[in-house]
Amino acid sequence: MTSGMMALALAACSSSGGKQSTEAASAPASASGAPTMTVAFITHAAPGDTFWDLVRKGAEAAAAKGNIKLEYQSDPDGANQANLVQTAIDKKVDGIAVTLAKPDAMKANVEKALAGGIPVVALNGGIDQWKSMGVLEYFGQDEKIAGEAAGARLKTDGAKKALCVIQEQGHVGLEARCDGTKSAFPDTEKIYVTGTDMPSVQAAITSKLQQDSSIDRVLTLGAPFALTAAKSIKDASSSAKVVTFDTNKELVTAIKNGQVEWAVDQQPFLQGYLAVDSLWLYKTNGNVIGGGQATLTGPAFIDKTNVTAVEQFAAGGTR
Amino acid sequence: MTAAATEPGRAEATLDDRVATRSLAVRMLRRPEVGSLVGAIVIFALFMIVAVPFRNVANIGTILYGASTIGIMAVPVALLMIGGEFDLSAGVAVTTAGLSASLLAWNFGLNVWVGVILALALSLGVGAFNGWLLFKTGLPSFLVTLGTFFVLQGVNLGVTRLLTGNVATADISDMDGFAGAQAVFGSEIALGPVTLKVTVLYWVVLTVVAAHILLRRQAGNWIFAVGGDSAAARAIGVPVRATKIGLFMAVGFCAWLSGMHLLFQFNTVQSGEGVGKEFIFIIAAVIGGCLLTGGYGSVVGASIGALIFGMTQLGINYAGWNPDWFKAFLGVMLLLATIVNVYVKRKADLR
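For the protein sequence lines, the chains are A and B, in the order given. According to this note's numbering, the first sequence is numbered sequentially starting from 1. According to this note's numbering, the second sequence is numbered sequentially starting from 1.
Hint data in this document are derived by calculation from the structure and do not stem from the laboratory. Positions of the beta carbon are idealized from the N, C-alpha and C atoms, including for glycine. Honestly, I wouldn't trust all of these hints.
Incomplete in silico selection of chain B near chain A, CB under 10 Å [to be verified]:
#: 1; residue: 53
#: 2; residue: 67
#: 3; residue: 106
#: 4; residue: 134
#: 5; residue: 137
#: 6; residue: 153
#: 7; residue: 161
#: 8; residue: 167
#: 9; residue: 268
#: 10; residue: 277
When the alpha-carbon atoms are kept at most 20 Å apart in a straight line, the in silico SDA-like pairs for lysine to any residue are as follows [to be verified]:
#: 11; chain 1: A; residue 1: 283; chain 2: A; residue 2: 36
#: 12; chain 1: A; residue 1: 19; chain 2: B; residue 2: 162
#: 13; chain 1: A; residue 1: 19; chain 2: B; residue 2: 179
#: 14; chain 1: A; residue 1: 234; chain 2: B; residue 2: 58
Put together the whole structure using the sequences plus the hints.
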C-alpha cells in the first residue's frame, strides 16, 4: 500500500528539468546596516515583460552593493508614471531613476523633483529629451542608432527584404528602431502585432510571410517575439531567418542552436545598474557619469561567435 | 436547428403566433447566426478579391488557426451570454491556466501531465468561484468578474515572480511528459496541402457539442430560460444557480484548453499576457448574434464571429495594406459585419 503510493508519487515527478536543476546563481550578498539612501526607480514597463526583469535585476544588484533602499515602480501609462514621480517627491526620496518613453507627460514632475533638490537620472527612453529637462545623466541606447546598426548588419549579411515586427502600436522607441533599420536597409517593411496575444502574433507573422515570399529576414523587437517568429517561419514553410532586438535566457539558447541569427543587445541589466549606482556616486562623491553626454549601453551584437560568453550570465538571469 | 427560444412545442403553453404565421424561409432568416454568416461571406469575398495569398488553399490553415484561438473561448462565452452573464476574466484566465500548469510542474519537479491536471482543477475552480460569488453577493457578473480579472492579473504576475524570480515561466520542454502533452495540445494535422493546428479540431468539436447541448438538450433550454428571465425560470423549476455556475465552469474549462495550447505551443508563458482578449471573445459572440442582454444567441454564430475576426485580422496582412491603418481597418470590418448582421435580422423581422 505505502510502496504503491510511493511509486505513484514518484511517477508524478519529472526526472529532468524543473526548479531543482536551476538552483544556482543567487543575487550578490547585500551589505548590512542602515540603508545609505532611498532611490525610487520608476519605469514605463508593461506588466510581465521579460526585458524589464533584467533592468530590475541590475537596479537591485546596484542597490544591494551600495546598501541602497530601492523602491521599484512601473506603469506604462504616461500620466500614471508621472504620478509615481510625484509620490516619490512626496516621500522625499534621495534620488529618482526614471525612464522617459513618454517625455511630455513626465516633464513637469521631473522638473519639480529637480527643483526640490532631488537628483534625477534617466534610462532606456528619452535620449533626445533628458538634457533639456535638466536630468543629470542618461543611460541607454539610442534606438535610431541601434536600428541603423541592425540595418547595416542586414546589409552585410546579404539580406534582400526584412520584416520589422512591432509588438506595440504607437510606441515611439519601437518605431524608431524600425525607422533606423529602414534608413540603413531600405527594403524593410513594418507589421504590427498584438504583443499580449502570442497565438495572434504567430498567425500574423505567418500570414505576412505567406503573402510576401520575398521576405528573407524577420526582425523582431523583443526576445519572446523572436522565438514565436521562428515558429511562424516553420508554419509558412519560409526560408527566412530571424534576427532580433533584446535578449532573454531562451533567446540566448536559440542563438546558440542557430534558431535565431543574432540579437541587438542594449544591456538592460547595465541600464538598471548604472542608473542606481550613478545616484549613489553622485550622493557619496559628487560624480557625474557621461560628461554631460548620454552613456550608451548598446547596441552590441550577440551572435554565434560570442554567445557562449553571454550564456553563463543569461542562465543566472542577468543578461 | 431552430433556436430553442422560438421552437414551438418546447414549452406547450407558449406557442408563439408570430412564428406560426411565418414561412420556412423567413424562419431560417431569423436565426441568430444568419447575419454573421452573411457578414462572413461578404468579408470572405472581399479578401478573395483584394488579397492574392488569401486564395491559396495552403494558407487556409493559418486563417483557421487565427480564428480557432478566438473561437475556443467564444463558444463558452456565447453560452454564458445567452445565459445572461458576462465573464471579463476569460482573457487572463487563459494565461492563468498556462502559467499554473507550467509553474506547478517546474517548481515541484512534477511530471508535466500532473501540472496540466492541477491547472484544470484550478481553472474549473476559478469558474465555479465566479458563479458562486455571483449568487453569494447578488452583484452583476460584470462587477464580479471584473474583480476576478484584476485578481488573476495580479496573481499571475506576483506568483510567477515569487517562484521563478522572472515575469515569464521557465522553459519546461525538457521535463517528463512534455512531449506527450505537446502532442495533445500543440500538434498539427496535415490534410493534403493544408496544415491544421490541433486547436482547429478542438474549436470544431466544442462548437458542435455546445450547439447540440443548447438546441437539443434540456440544459440548453435552461440556458435560454435563465438568460431570458431568471426569476420566471426559477419559478418553473429551472436550477438557475447550477446552470449559471456550470456556464462559468465551461468558460473555465475552455480557458484551460486555450492555456494548455499557449504553454505547449510556446514552451514558456509570459505572465502579462491575455489582457484585453476577453473583449475579443465577447465581440465574436456579439457578431454571432448573441444579445448583450442575454436570452438570445447562437454558438454556431459565435464561431462564425471568431472566423470573421480571424479572416479580417489576417486578410489585412494578406492584402498587404499599409499597417499604420491596421486597427482602423479591423474596426471598420467588424462594424460592417455587425451592421450586416443587424440589417439581415431586421429585414427578416419585417416580413
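Right, here's what the structure says about each hint:
This hint holds: residue 53 of chain B has a C-beta 4 Å from the nearest C-beta of chain A, less than the 10 Å allowed. Here the hint on residue 67 of chain B is kept, as its CB sits about 9 Å from the closest CB of chain A, short of 10 Å. With a cut of 10 Å, the hint placing residue 106 of chain B at the interface with chain A holds, because the nearest CB-to-CB distance is about 5 Å. Interface restraint check for residue 134 of chain B: the shortest CB-CB distance to chain A comes to about 27 Å, outside 10 Å, so the restraint is violated.
The criterion of a C-beta within 10 Å of any C-beta in chain A is not met by residue 137 of chain B, whose closest approach is roughly 27 Å, and the hint is violated. Contact between residue 153 of chain B and chain A, as hinted, is supported at the beta carbon level, the nearest pair being about 7 Å apart and thus within 10 Å. A distance limit of 10 Å between C-beta atoms decides the matter here; for residue 161 of chain B the minimum to chain A is near 8 Å, and the interface restraint holds. Given the 10 Å rule on beta carbons, the hint for residue 167 of chain B holds: about 5 Å separates it from the nearest Cβ of chain A.
Because the beta carbon of residue 268 of chain B sits about 6 Å from the nearest beta carbon in chain A, less than 10 Å, this interface hint is met. With a cut of 10 Å, the hint placing residue 277 of chain B at the interface with chain A holds, because the nearest CB-to-CB distance is about 6 Å. A threshold of 20 Å between alpha carbons decides the hint, and for residue 283 of chain A with residue 36 of chain A the separation of about 10 Å falls inside it, so the pair holds. A C-alpha spacing of about 13 Å is found between residue 19 of chain A and residue 162 of chain B, which places the hinted pair at or below 20 Å, so the restraint holds.
Distance check on the hinted pair: residue 19 of chain A and residue 179 of chain B sit about 19 Å apart at the alpha-carbon level, within 20 Å; holds. For the given pair, residue 234 of chain A sits about 14 Å from residue 58 of chain B by alpha-carbon distance, which is consistent with the 20 Å threshold.
In summary, the numbered hints that this structure violates are 4, 5.
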